[in-house]
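Engineer: This is what each chain is made of:
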Amino acid sequence: MKILSLITIGVGLLIAAPANAELKVFACEPEWKALAEEIGGEKVEAYSATHAMQDPHHIRAKPSLIAKMRNADLLICSGASLEIGWLPILLQKAGNAKMQQGEVGYLMASEYVDILEKPETIDRSMGDVHPEGNPHIHLNPHNILKVANELTDRLISIDEENRDYYIIQKSSFDYKWELAIRRWEKKAANLKGENVITHHKNWVYLSDWLGLNLIETLEEKSGVPPSSSHLEKVLQTARNNEILAILRTPYSPSDASEWLAEKTQIPALVLPFTVGGNEQANDLFSLFDETIRMLKEQK
Amino acid sequence: MKKLTLAASTAVALVAFGNVANAADNSELDALRAEVQQMKNLYEGKIEALETKISKLETKKVEVATTEKSVPASSGRTVLGNEFNPSIGVILNGQYSTFSNNNSEISGFAVGEEGERGSEGFGVDHTELNFSANVDDVFYGSVTAAIAEHEGSTEVELEEAYIQTLAGAGLPQGASIKAGRALWTLGYLNEHHSHSDDFADRPLPYRVFLDGAYNDDGLEFSYVLPTEDFYSEIGGGVFAGNDSPFGGSDGEGINAWTAYARVGGDVGDNTSWRVGASTLQGEAGSRTSNEDMVEFIGDSDLYIADARLVYAPTGNNAEQEVILQGEYFWRSEDGTYEDMDAGSPVTAFDDSTSGWYGQAVYKFAPQWRIGGRYSQLYSADTPAGLAGTALDAAGYDPKAYTAMLDWTNSEFSRVRLQANREELANGQDDNQFLVQYIMSLGAHGAHKY
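Sequence lines, in order, name chains L and C. Counting in numbering that gives the first Met the number 0, the first sequence runs from 0 upward without gaps. Counting in numbering that gives the first Met the number 0, the second sequence runs from 0 upward without gaps.
I should point out that these hints are in silico values taken from the structure, not numbers from a laboratory. Every residue gets a Cβ at the ideal spot worked out from N, C-alpha and C, and that includes glycine. Hints are supplied without guarantee of correctness; some may be wrong.
Unchecked claim - DSS-like mimics (lysine-lysine), calculated; alpha carbons at most 25 Å apart, straight line:
(1) L:67 to C:447
(2) L:23 to L:67
(3) L:23 to C:447
(4) L:97 to C:398
(5) L:185 to L:42
(6) L:295 to L:185
(7) L:117 to L:67
What the hints assert, rightly or not - Rough simulated footprint, nothing fancy, chain L against chain C, three-plus residues with beta-carbon under 8 Å:
(8) 170 to 178
(9) 226 to 236
(10) 310 to 322
Stated by the list, open to error - Distance ranges between label pairs, derived from CB positions:
(11) C:377 to L:234: 55 to 61 Å
(12) L:119 to C:373: 50 to 56 Å
(13) L:126 to C:292: 50 to 56 Å
(14) L:266 to C:434: 42 to 48 Å
(15) C:85 to L:42: 52 to 58 Å
(16) C:306 to L:262: 43 to 49 Å
(17) L:101 to C:30: 45 to 51 Å
So here's chain C without its partners, still in its complex pose (with noise of 0.2 Å):
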């Protein structure tokens, strides 16, 4: 204790000097004096305070525990019992379309549900509810249900329904168990809802290679590694195998697995960036697609790179922002491949296909953003017997140009046009125009990277 007032009184004489020093007439320094002679007080009254306080913690260490806390003014809600609710955020997502061209079948490769073109004309496509909170200590909690039209009936789909383990469960800083069913960390748009794309809809790789995503049942591991200076992140994960690219398993098992590793940094003060590898590898048991008509069954191995670039023109994101992103596909299915709709045997294929996009993206004002993006796929050679299937590419790869505008009036809500001109197959030229609108309600967690 002596220390500590030692050090206190030679700061105070140490003031008081540097002031005398200064001090032009007696009448100032007598001024001066009485006002470090007033501090005096006032800090040995702190000093008293503090040693009281220190006291106090020799006896008893500080817990802050949430218990103990006299509630923050940050806790807004009082309505009683509503306490322990989840967090209840709706998107809705509306859009309206038109196609210059009848067709939209991609030459070389068989599309799920979610990789086909959307409906024309109006379309609620993708209506999303979302409901997470907390479990308890150890585990959060979300469930994403999805209610989107097919054909006319109203569906409603269970997007993501997954636990995930909080920090402070025991597992190491830094290590996060995921379960149930997710968006799973593949690529760069995979673990993001549709809604936060830049775009209305996803780039032909991801409708071709993962039919829009890929959200199986499973677990997945995922571990930031201690670096300071830079982010890194490895992961992986076991899955079901039901979700496209597989389908049919029997659910005995595991039927696929991921692998992921990410770096991630900045440049200077306005740029940020992230890379990542990461690989999906499974057995279809029968992955049907083109209105289960195209059936699949055999491994199919994809391996995905991706890369992300922000850039800050002024500094500030809020104001301008630049965004460049792209990601590499590539598959290789060693299995059999057969066309109902075009009558073609059992044929086996082994063979790999490829595709990639790239997109730029520019906030030029606080509330406006124009974007262009470019998809291209690149198809495998026709074994003999898929020759005039769904399959047969004829030595053609299929291509899509985009452009967006889109008006963001608040954090929740965005209008969005976007032309796009899809060459998915020879002579097949389809001119579409999007106007969509993103709206959100309630809770609406913070948006990943």
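Okay, chain L solo, but in the shape it has when bound (with noise of 0.2 Å):
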């Protein structure tokens, strides 16, 4: 009976304890946690639920998730079925009902750019294609700022107090974003048409910005370690090309690009991919500077 009335006291306690006046944003991902933070500035309380050395595609719905995501406000993710393996069952245990699909605390950003490489047809024999089209889509700034605009709109619906705040918040991360923007595509003009292998595609929407064309995947089917016979067709392809580099995540496995490396002499790249990714990618404008300087360094 004693140990009864205590669990109740300390329930009773917690339910009690006071709320954050903070209005709280969980991320899937780093890029999304730093947007939330650019717009949200000091009225936001963002927490990532994966960092820059993990694949977000393969992570575990472990039991930290679940207890940041029943006292958040709002959910930012990539979508597309990117974060398919855990967040169903992070939702349907967190039991947070302002954060459930259809509502404004759920936001899945490909819902709201234009998303590339959406299959005809689609098969499990061609790797882990994801129907809706991939993913990826944070390193295009074009795409960070549509995400943007959505953001600012849900938080404004969510915490109308601080309304003016956002409208501020977001104008002058939009000044420094579009000027940015054209820093950027000027640095980067002279990579148009250059070739680059990439790991996974996931470099698919920095290439279609930058006009990088990406001649050859390590992995052959998305998701599926590289098979030999592949990486022999791989190596042909850069032998034959001039290449400017091969690409991958700071998660990705290191075995074929650094192999391929060796063989052609061809840089492998490690570029951060996103927040976090390398020192000095440390927000979404340092994560854009140092991908587009490592780029420039390989002309």
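Since each chain comes alone in its own frame, lean on the hints to assemble the complex.
Structural biologist: Spelled out as structure tokens, the structure:
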């Protein structure tokens, strides 16, 4: 009986604990956490479910994520099935009505940009292809802007009291971001038409933006480690063409791209891919600065 | 609005000033001025757009209703009329097993159908069919039927058929009610479908104490507590008392109940953990086991402690991962046992049995994992009336060693080799070798932690 009353008191205390005034954002990936901080400033407290060393497609629905999601106000993820292996179970388990599909607190970034590589037909023998198209949308800064628009709307809907604050933050972000885009596009102008080889198909939006030519992918089938016969084919392509670099994310296995780099003397680059992907890339601006700097270095 | 324009022009001025100060010559200065002017125009256009948005917002609160939202790119299905069909998933699970011993009795324990050693040779033991969908805005529904072979005849078992409240059903945040038949929250493995297990068979405590898994008919309440820095959940349920370790209830009323509590969290960026305690208590009207030859009538109270730790050495679980997991079981029974096979009298039994298992699985490459498991049971002292029956352990404690290696081609297919050495009764050593495949067709929901 004593234990029971102790539990009751404990639970009571937990429920009674005063809610933090900040709007809590649960981001699936670091880039969306960074964006929420850009727009939300001091009015939001953002948390990222994954860090730059993790493949956001393959994390576990671990207990800490349930706790964070249960207490959040807004969910922002890439969507397009990138988080299919863990997000649904978190949403179900956390029981947070504010963040269910269709609610203001449920924001899937890929629904607000033009999706590339949407398959005409789909079969799982093609590897881990997402029926919605390629979900790695954030490496085109124009997409960031589109998502920022939607995010601002959502923040205002949830937290009307701070509407003016969000609008000012957003205006200031837009201004800085558009300047930055001009800077990046100017800097990267001579990268146009350069051939690159990538490990996984997560560089499609960057290539599309900068006009890079994705000549070959080390993974023949998305999400399935490269086979030796396919690697031979890539090697031939690499030898017969002028290639700028072999790109991979900090979380991609290094073996295939390092093997190819050794065979061909083409540099294997680990680009930051997201915020926190290397020491310099600590916010959205420096993420793109770094990405372009590293690509330019190969020219 | 004034405030906004003021802030905006200050921002522009600041940026302009910063650039001016750094400008080296006049032409560059002019170029910068032009750029700033251009940006200013752009910026003012933005503000105008935002102002329009505000006035719109002021007259009408933004509604992000599903019905109004333009169909996002993610709704990949375009086949008309199929939108409301439930998700369908099939698990193909096949096995080939060899055993070195003909006997597989577990000394001191009577086991049910699911807890027995699998069948030798080829078997497509647990082909599962799952249908699930949101029923409406309040309920989610799921049905899982297992198609299994038992002694030459194909049986369809209703493994799960439940409804569950959705968030937004009006219950407090974090709360949920599940009703019907389900793999209830108990220990670690019980709520998981066996196809997601790390080994081809369940560890000994699950086989003897829960006959594989507890999926009685009933109702369960769960509540994720509002702790933010760590996860905590409590819950419990009431059940008919028809599934092992109970059975033979007349279907009237509630004959069993559960309660559980769990906490979990992270250590650093790359390690997560969860520990839990749960209990399953009730009255068995008639629990039959050992092919209906052993019957238990009475109270059965089971307590379980479980722990799990997942560590990603490189930070990326897809690449490398270590999983440590263990559970401890303690069961107290007060009632009568009868072994009809041995012709024993109905004998009073008031004692406890226990068991545990510990396992480690190491993903050393993205597609490859190795694992080891040890299971151990502790039998009770045999009452005089049960001497010489299946329940007479004669002081022997059953144990089993397991090693496995599996290869995961994609997240939808896995092939596994497993070797067991079971020492389940005195002098009854059994070396087993199993090859298993698990494939998933169609919709396949996310796996729990």
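Engineer: Mind listing which of the numbered hints don't hold for this structure, in increasing order?
Structural biologist: 4, 5, 7, 15
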